[in-house]
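Novice: For reference, the chains in residue letters:
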Amino acid sequence: MRKIRLLTPQGEKRRVVYSVPILIFLSLITAGCTGVPAMLDPSSVSAARVADLTWSILAIATAVFLVVEALLLYTAFRYKRRPGAEMPKQITGNVPLEIAWTSFPAIVLAVVFALTLGTLLSIANSPAPVQSSSQPTEVVNVRVIGHRWWWEFQYPDLDITTANEMHIPVGATVNLQLESVDVIHSFWVPELGTKKDAIPGLVNHIWYRATRPGRYGGACSAFCGQQHSLMRLQVVAESPEEFLDWVENQQAPAVEVTGVAAEGREAFLASPCTGCHAIEGTSAVGKSGPDLTHYGSRARFAGASFENNLENVTAWIMDPQELKPGNLMPDLGMTSGVSAKIAEYLLSLK
Amino acid sequence: MATQAGAVSLQPRRATGIWRLLSTTDHKEIGLLYIYSGFLFFLLGGLEALLIRVQLTQPGMRFLSPELYNQIFTMHGTTMIFLFAMPILIGLANYLAILMIGARDMAFPRLNAFSFWVFLFGGLVMYSGFILGGAPDAGWFAYAPLANPEYSPSHGMDLWAMGIILTGIGSIVTAVNLIVTILNLRAPGMTLLRMPVFVWMVLITAFLMLFALPSLTVDAVLLFLERNFGAPFFLPAQGANPLLWQHLFWFFGHPEVYILILPAFGIISEIIPVFSSKPIFGYRALILSGLTIGVLGFMVWSHHMFAVGNSPASDASFSLSSMIIAVPTSIKIFNWIATLWGGRVEFKTPLLHAIGFIAMFIIGGLSGVMVAIVPFDQQITQTYFVVAHLHYVLFGGTVLAVFAGVFYWFPKMTGRMLSETLGKWQFWLMLIGLNLTFFPMHLLGMDGMPRRVYTYEDNPGWALWNSLETIGSFILGLAILLFIFNVIRSLRSQEQAPDDPWDGHTLEWATSSPPPAYNFASIPTVRSLRPVWDQKYPEFTDEDSSKIDPEPPGSVTIPNTDPPQPTDHTEPVEGNIHLPSSSFNPILIAFGLTVVSYAAIYALWFMPVGILISMAGIVLWNWETP
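Quick mapping for you: the protein sequence lines, in order, are chains A and B.
Numbering-wise, our numbering puts 59 at position 59 of the first sequence, and it's gapless, one number per residue.
Plus 350 on top of the position in the second sequence (first one is 1) and you've got our numbering.
Possibly wrong hints are sitting among the right ones.
As the list claims (entries may be wrong) - For lysine-lysine, the following BS3-like pairs were computed, each having C-alpha atoms within a straight-line distance of at most 27 Å:
1) A:K80 - B:K698
2) A:K80 - B:K774
3) B:K698 - B:K774
4) B:K886 - A:K80
5) A:K287 - B:K698
6) B:K886 - A:K89
7) B:K698 - B:K886
8) A:K350 - A:K287
Said to hold, decoys possible - Residues from chain B that keep clear of chain A, each with C-beta distances beyond 10 Å, as calculated:
9) L461
10) P538
11) L828
Unchecked claim - Estimated spans, in silico, between C-beta atoms of each pair:
12) B:P538 - A:V95: 38 to 48 Å
13) A:F77 - B:R634: 24 to 34 Å
14) B:F480 - A:D319: 43 to 53 Å
What the hints contain is simulated information worked out from the structure, not anything from laboratory work.
For every residue, glycine included, the Cβ atom is placed at its ideal position computed from N, Cα and C.
Build out the structure end to end from the sequences listed, making use of the hints.
Specialist: Right, here's the structure in full:
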């Protein structure tokens, strides 16, 4: 506040006039403190191209903004009515000026469109056609299937099915095939770029090539009903070696368990859970809910919304409608004891 | 107002009190009905916005259930677009465009009343969901298949579809009415190129409504048939394509943006010259750019669909056409600045709002070009960046322009002045509030926050921005309360506003405040773009005087406002003033259509009753004397 006053000793009104650009400026500064927005901190080849384009566009937009706003405010205050002001000249127009300020934005926009087209084509033309792959560290194909309200990831070449957490190797071309079983969802990971809709009855494609390892958060970006908010996802980009380890682990059937977990296994297999969830190597073969074969290997659950720990999972099994109202997993009336055992079992499925 | 028209009582059969309200055919009264109802819906939509903001103050809040939250944001969008912005602009057009062209009423006054009632009932139908077991909840653009009963089981979306059809009928009928009126009922001498810019923008908007709204109405009919009779138009499981909905919707939806902004451009183009004591700069350029925007507006709809998987060639074309629209828009901004340039600028509330409009619209326009950039849009579409952009256009743009217009024409419409001091406070509160509320949304969108979420990731940066936004929204709420106080205070004051408080240019300032039922005692003859100005300042006419008819200004033109002498209260007045008589048939027909709507949802067998009511209205209408 003190800063604002120093800039505007003339009085109340002036201070408010200046406060608007200063407010905007301060928000940008604060934005700097809270970090660069995710889409401008890219971790894939295509997202980096979009980020480069965005910086150029932001520079142009800021320049235009400053020039036009300054012109507007200067004009308004410069010609503010003074006492005894004479009647102004009654000018009705000026053709050269009209031509000038038609051409100026047209030229700026031509530049913007050229930049747009360049980036658009460079993203659209790059690798792409889905090819079956024997080298999972070079090309990975993933079927991304949107469900209300979670993501299913199938690796057809690797025979892996998982949910909400997608693993990809850094440097490989990742071809995503987007589908939906119910309503329109939209697959978006800002650091990796290019969002696309998962539309029932249609198939969409996008590709990524991650440039650095990391765990990237994403979300469904098309309003898809009651739990649109909790339809998030995580992408883990890792070194080829780590990825191959992950693949090996995911391809194995569910691990054998002992102790409390084994009791949980019994309870799980005897419950209606198996109608919707599959655990490979057991009698649970349901397909409408997330595959749980390696449930314990995932960091988050229920649309990557909650941390995957004993407390949360127990609470979820006891009453899934409490944590995520409206989700399609019914309340099965499990007691806290049984829920804890099942949770123990599921978390042991690394 | 009531006393004014009552004393003159040029109309043979005119009810009083509430009956008068229900049966009026006076374009000014209907205009006010539109404005008041639009404002009430604005308060409802604003209340919904505040509920949304409270829920989002911090992550994980449980202020609203997800179910209710979805209903509230759906109704917030639906209300602000269909029940506030369009009606209030139609109301201003109804009231002012008719005065500005020197006419006595709309070409079809009863149809005008019908348009209003069918709009109002449509709005009430949509809102009735809150008490009938579930309001609409699929978002204001109701994407298929989310709007299908399988995913949205309450009757909310049926009520939404019916409400959209009803309000759509109202808008289409108004469009025809405005076009016919503006093209045929202009005062002698008012050529098309002497029409005020506001009237031009209303005319273009009316054509946009005429061509765009049927697409939405068809979409809503298809949705209703799919939901209630299993007709597969959008369901992929039955071989249909959900994208059909989006194409039909946005073919309406993008021209709709210009339906909401062109009249705002018109308002600004009236206010800036008056408060600069200059004629508008580049009149023809403003008209031409408005026409260009109107035509191009139909060629850009697919830029709402850059993420659905269209070909790069299609995306590039729609990107180009969307960017081109920025050219005519810039032309307008430069012409407004040039109008201020060299003028005698008076910072009264209308001008303050107008300058605020330009300043904010520049931001909305720039972010608009950004979202037209396909690769950028494929990152931020359906995120808070888009929410920021659309609010800079619709709040920073349309809402500020509406307030500019209301401060400007309030004395004309009510005969009372609004307080300048309160108005200035309100303006600065709004400007600060809207930037605090909407600017951080740009950053949140770019950082990964999707729109339409009831909660978000537990992230300190996001929580900070969201809390600031909530504070901003309450500052906006405070500004609106200040406005309401200002209006009530003025309406209760006894001080009569002058007929021409701002030293106006156009014909509405040539009659009394408020105008009599017949608007002008004798129809004025128009010789230039600024008839009232040229009468007051014959020595300061336009620099280019070739645009003014040569007759000396003093000889005729602006009529005085003395009413012609009515001979008898029950007889039509001599002197050829013909005013439409009031009629209950418009509201009757609209009511019948509303009954049809509810019957279609809840009890098909009851539909004939509604049809009969409407038919009765139509038959009785035909028996009415002119």
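Novice: For every hint, state whether the structure bears it out.
Specialist: Cross-check of the supplied hints:
1. Between K80 (chain A) and K698 (chain B) the CA atoms are separated by roughly 11 Å; this keeps the pair inside 27 Å, and the hint holds.
2. Using a Cα cut-off of 27 Å, the hinted pair K80 (chain A) and K774 (chain B) holds, with the two alpha carbons roughly 16 Å apart.
3. About 8 Å separates the Cα atoms of K698 (chain B) and K774 (chain B), which keeps this hinted pair within 27 Å; it holds.
4. Of the pairs offered as hints, the one joining K886 (chain B) and K80 (chain A) holds, with about 22 Å between alpha carbons and a cut-off of 27 Å not exceeded.
5. A hinted pair counts as satisfied when its Cα atoms are at most 27 Å apart, and K287 (chain A) with K698 (chain B) does not qualify at roughly 67 Å.
6. At roughly 16 Å between alpha-carbon atoms, K886 (chain B) and K89 (chain A) fall within 27 Å of each other, so this suggested pair holds.
7. Annotation: proposed proximity of K698 (chain B) to K886 (chain B) holds, straight-line Cα distance about 21 Å (limit 27 Å).
8. Using a Cα cut-off of 27 Å, the hinted pair K350 (chain A) and K287 (chain A) holds, with the two alpha carbons roughly 20 Å apart.
9. The non-interface label for L461 (chain B) is consistent with chain A: the shortest C-beta to C-beta separation is roughly 37 Å, beyond 10 Å.
10. Every CB of chain A is more than 10 Å from the CB of P538 (chain B) (nearest about 23 Å), matching its label as outside the interface.
11. At roughly 15 Å, the least C-beta separation between L828 (chain B) and chain A is larger than 10 Å, which holds for a residue marked as non-interface.
12. Between P538 (chain B) and V95 (chain A) the CB atoms are about 30 Å apart, so this pair departs from the stated range of 38 to 48 Å.
13. Distance hint check: the CB atoms of F77 (chain A) and R634 (chain B) are about 28 Å apart, consistent with the given range 24 to 34 Å.
14. Here the CB-CB span from F480 (chain B) to D319 (chain A) is close to 28 Å, at odds with the stated 43 to 53 Å.
In terms of the numbered hints stated before, the structure departs from hints 5, 12 and 14, listed from lowest to highest.
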